[in-house]
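Q: Here is how the chains run, residue by residue.
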Amino acid sequence: MTLSHLEASGLVTLPTPQATTRIAAAVRGRARTWTPVCAYTDLLPERGACALVDGHQIAIFRTFDGALYAIGNRDPFSGAHVLSRGIVGTRNGEPTVASPMYKQVFSLVTGVCLDDPDVSVPVYAIRLNDNVVEVGR
Amino acid sequence: MSTATAGRERGTATRVVVAGYGPAAHRFIERLGELGFGGSITVLGEEPRPAYDRVALTSYLGGKTAEDLTYPVPEGVTVRLGDPVVAIDREARRVRTASGHAEPYDVLVLATGSRPFVPPVPGRDLPGCHVYRTIDDLDAIRERAGHVTSGVVVGGGLLGLEAADALRGLGLATHVVEVADRLMPRQVDEGGGAVLRRHIEALGLSVHTGVAVERIEAGPDGAVARVVLSGGQVIETGLVVFSAGVRPRDELAREAGLPVGERGGIVVDEGMRTADPAIYAIGECALAGGTVHGLVGPCLTMAEVAADRICGGIAAFTGADTSTKLKLLGVDVASFGDITGEGTLDVTYLDPVGGVYHRLFVSDDARTLLGGICVGDATAYQTLRPLVGRELPGSPTELLFGGTAGVAVDLPDDAQVCSCNNVTAGRIRAAIAGEGCTDIAAIKGCTRAGTACGSCVPMLKRLLEQSGVRQSKAMCEHFAYSRAELFDIVRVRGINSFSRLIAEYGTGRGCDICKPAVASILASLGNGHILDGEQAALQDTNDHFLANIQRNGTYSVVPRIPGGEITPEKLIVIGEVARDFGLYTKITGAQRIDLLGARVEQLPRIWKRLVDAGFESGHAYGKAVRTVKSCVGSTWCRYGVQDSVGMAIALELRYRGLRAPHKIKAAVSGCARECAEARGKDFGVIATERGWNLYVGGNGGFRPRHADLLASDLSDEELVRTIDRFLMYYIRTADRLQRTSDWLENLEGGLDRLREVIIEDSLGICAELDAQMERHVAGYVDEWRATLEDPEKLRRFVSFINAPDTPDPSISFEIERDQIKPVMIPLEAVR
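If you read the sequences in order, they're chains A and B. By the UniProt record's numbering, the letter at position 30 of the first sequence is numbered 30, and the numbering carries on one by one without gaps. By the UniProt record's numbering, the letter at position 335 of the second sequence is numbered 335, and the numbering carries on one by one without gaps.
The set of hints was computed from the structure by calculation and includes no laboratory data. One or more of the hints may lead you astray.
[Unchecked claim] Result set (DSBU-like, lysine-lysine): computed pairs, CA atoms no more than 35 Å apart in a straight line:
1) B:K586 - B:K325
2) A:K103 - B:K461
3) B:K663 - A:K103
4) B:K461 - B:K570
5) A:K103 - B:K793
6) B:K444 - B:K473
7) B:K608 - B:K663
8) B:K473 - B:K461
9) B:K608 - A:K103
10) B:K444 - B:K64
11) A:K103 - B:K473
12) B:K570 - B:K586
13) B:K570 - B:K821
14) A:K103 - B:K325
15) B:K473 - B:K663
16) B:K586 - B:K793
17) A:K103 - B:K444
18) B:K444 - B:K793
19) B:K461 - B:K586
20) A:K103 - B:K821
21) B:K461 - B:K793
Note that the structure is a prediction, hence the values are computed from the model and not measured.
Construct the entire structure; sequences and hints are all you get.
A: This is the structure we're talking about:
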């Protein structure tokens with residue numbers, strides 16, 4: 001499912017943390033447990049950080065408008081766990097991160113690589129609980 | 001001429017032998033290849049090297065190497081160098097070389113060129129007398145110039161002035177002696193000659209016209225000591241360069257019984273064939289249409305015609321464009337079309353103050369352009385030359401006084417735009433419309449236009465514009481501006497944040513293209529620490545962690561070692577840090593030490609140790625000034641003439657931390673042996689006995705380029721000031737990720753333009769550039785020290801935000817040659 005499908009369905013209004021959660025839910029569609037990882041204010045606007053959750057590396061991002069996103073930290077093009085260190089931006093309005101390794105751009109919403117749509121990274125649920133950022137798996 | 005190819009059949013495969021290996025021969029064999037010639041090609045050359053760009057010969061003395069000028073030998077061509085043809089056996093169809101080698105041919109092409117004419121004056125064979133023709137000649141002149149203080153050039157034509165320019169460049173007091181009553185008698189008239197003379201004398205050259213050299217006298221050492229002119233004047237000099245014209249080398253043909261012209265030159269028909277149907281002649285040795293041509297354009301055309309004929313074509317050489325445009329000693333000189341002025345009207349414009357002379361020759365109804373001469377300013381040349389023989393786009397007076405900028409010129413398709421390669425406007429339009437060429441580089445690749453002398457490049461640009469091709473300057477989808485434009489916006493509007501810039505001048509929220517570019521602009525203009533506030537979000541991972549990311553996600557640490565000089569104590573500290581953190585160490589190509597394999601959370605602790613020991617950031621991670629490499633210079637080296645280490649350290653410390661569109665590397669060599677390889681750098685400094693020579697625009701890497709000589713014999717202060725301005729002008733105007741080499745090559749007007757802007761201050765911005773650099777130097781703070789002092793910044797240096805002390809478990813190492821090496825992470829098969 002792509003962002004435009006979701007928008008067309010009227011399911012989401014982008015981008016808010018809540019919406020992201022619903023997208024992730026729509027994408028993954030199963031029950032989850034929530035793990036608190038950091039304070040919201042620990043995250044720099046438009047920058048990523050990596051959280052270690054049950055041995056999984058999850059890249060979490062806080063965008064300019066305050067929205068939160070979570071994707072797998074592993075860059076499928078290099079194999080290195082580095083996506084959280086990429087540059088956050090937009091492509092046609094869609095929030096993105098560019099891998100710091102070979103610069104492929106990934107959608108923060110769907111995890112799809114916008115430069116090579118056959119490749120994608122997992123998308124995780126993320127939410128704000130009081131001032132605490134929680135990642136769902 | 002025309003190169004009609006109608007009716008061509010693939011020529012029968014034959015053995016083609018070429019005698020001579022100059023530019024015409026090169027073009028000939030290249031053209032044969034393009035036409036799909038299936039036979040064997042053998043080239044027998046006299047010089048010890050393949051063909052090279054003779055038009056650019058003088059640049060060899062300016063620092064270009066023989067390799068820079070040499071054309072690549074096309075594949076499948078057999079070449080014998082240093083072994084000229086000495087005889088032709090037409091019966092047996094075989095040539096014999098100086099070494100006795102015999103080479104059979106089916107078709108022989110004579111491309112033996114010409115030899116410099118040396119007037120029969122007494123003393124012309126003395127040591128110190130030279131001609132100006134080959135790279136070997138230039139080597140000999142350079143060697144001689146090292147022992148003398150003045151030089152005389154015999155001949156004030158095109159080549160003579162070029163030779164004079166070369167002698168001046170070698171630091172000699174230079175005289176030019178011309179028999180005619182003016183300089184460049186074949187290209188300009190009396191008025192133009194007078195203006196030209198004033199320009200050249202203003203440069204400190206002595207011009208003697210209307211006199212001949214009577215004799216050359218030797219000194220006690222048996223070498224040239226003085227030149228005596230026909231008027232009795234004596235010039236004390238140790239070096240004489242003859243440049244009084246050339247004579248075709250037709251003796252092979254003469255001896256083989258082929259007809260030659262009264263004044264030399266092998267007679268050929270319009271298909272470049274001699275009286276023997278198996279023998280062709282091309283280039284300066286040929287007499288085509290009753291004329292021996294000495295300009296590169298016609299010679300290359302002859303080469304193409306001969307190749308076409310040999311492949312069964314019907315191309316013909318029916319005369320040539322003798323237009324010339326040159327920048328001699330910094331003076332524009334151009335002539336085109338018919339300038340004999342017989343039975344025509346002419347209009348002259350003379351500005352003695354500005355040193356400009358223009359003269360147009362038009363038909364007697366003043367409507368058709370016949371020819372013209374431009375001295376001092378040749379901007380009109382590009383527009384006017386293709387219009388020769390056509391109706392003028394305005395009155396001659398308008399053209400002379402109003403310039404050509406406002407004239408809407410729509411070149412007819414058959415107008416020749418590139419005379420070196422005989423490319424018409426129609427061919428270029430076809431390349432743009434039919435072959436999808438959307439920039440100058442593509443047009444060059446497609447049509448060859450603009451690849452020889454380059455003077456038609458502005459016309460190519462205009463044709464692109466006229467064809468409706470708009471070059472997008474947009475950096476990315478977020479900004480419709482080029483980097484240079486954004487730089488000016490930020491500078492002039494005083495913008496100090498990405499958010500404000502994108503809100504006012506962009507769309508969206510940026511990307512990995514525009515964010516680092518804007519970060520670099522903000523940093524170049526001195527907006528504080530690169531990790532301060534919002535700027536932190538703009539940096540790519542290297543700048544964000546002040547270290548270079550490597551393939552397994554670890555980082556490298558590179559402390560600054562200015563000029564490559566380091567104390568034993570500091571060396572020991574680096575060794576201890578590497579040992580204690582288990583890092584891989586390697587000496588880099590830039591005289592520093594790389595420490596590899598550091599995890600994000602280790603970086604602050606590593607740098608704490610280094611900073612405490614007196615190290616600072618080497619900026620190996622940034623698009624910034626990196627290193628200034630050096631040799632040991634006059635302090636230790638028996639050849640060094642200046643303190644290259646001291647200068648390298650001073651320059652590296654001055655420019656440390658300076659952010660730019662691309663990384664910048666530099667070097668200082670203590671003598672011309674160039675052990676620091678300064679000419680492969682963005683700026684390179686080479687010591688001379690009189691100071692420093694500054695080279696700019698060099699490049700290692702993917703597309704290597706030797707730097708060009710910008711200025712010579714500079715004092716320390718002049719050197720630093722010139723580099724200051726060079727760097728700041730580059731930072732201001734280059735595109736994103738454009739290295740100085742590309743920037744310089746794309747700079748309109750090239751090196752001359754750069755000199756005008758940063759040395760002569762033609763734009764009046766030098767004071768600003770100087771001040772900008774002073775601000776940078778005064779505001780420098782070590783990025784790592786500042787980071788270590790700021791707990792907020794340090795918090796980012798963790799592998800995991802929820803487990804700051806946990807190292808990334810995906811990173812592991814194995815041992816190779818006693819050091820660590822990353823264990824590569826396998827990629828998923830599904831990818």
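Q: Between B:K461 and B:K586, is the straight-line Cα distance small enough, at 35 Å or below?
A: This hinted pair is violated, its Cα atoms lying about 47 Å apart.
Q: Would you check the hint for B:K608 and B:K663, treating anything up to 35 Å between C-alpha atoms as holding?
A: 25 Å, holds
Q: Verify the proposed pairing of B:K586 with B:K325, using a straight-line Cα cut of 35 Å.
A: 52 Å, violated
Q: Are the Cα atoms of B:K586 and B:K793 separated by 35 Å or less?
A: Holds: B:K586 and B:K793 sit about 29 Å apart, inside 35 Å.
Q: Take the C-alpha atoms of B:K473 and B:K461, compute the straight-line distance between them, and say whether it is at most 35 Å.
A: 15 Å, holds
Q: Next pair to validate is A:K103 with B:K325; report whether the Cα-Cα distance is within 35 Å.
A: Violated - the C-alpha atoms of B:K325 and A:K103 are around 46 Å apart, more than 35 Å.
Q: Is the straight-line distance between the alpha-carbon of A:K103 and that of B:K444 35 Å or less?
A: Roughly 31 Å between the alpha carbons, so the hint for A:K103 and B:K444 holds.
Q: Has the given pair, B:K444 with B:K793, been kept, meaning a C-alpha gap of at most 35 Å?
A: 50 Å, violated
Q: B:K663 and A:K103: Cα distance at most 35 Å?
A: Measuring from Cα to Cα gives roughly 18 Å; hence the hint holds.
Q: Tell me if the straight-line CA distance from A:K103 to B:K821 falls inside 35 Å.
A: 24 Å, holds
Q: Starting from A:K103, check that the Cα of B:K473 is at most 35 Å away, please.
A: 21 Å, holds
Q: Under the criterion that the straight-line Cα-Cα distance not exceed 35 Å, is the pair B:K570, B:K821 satisfied?
A: 25 Å, holds
Consistency with the previously given hints fails for numbers 1, 4, 14, 18, 19 and 21, ordered from lowest to highest.
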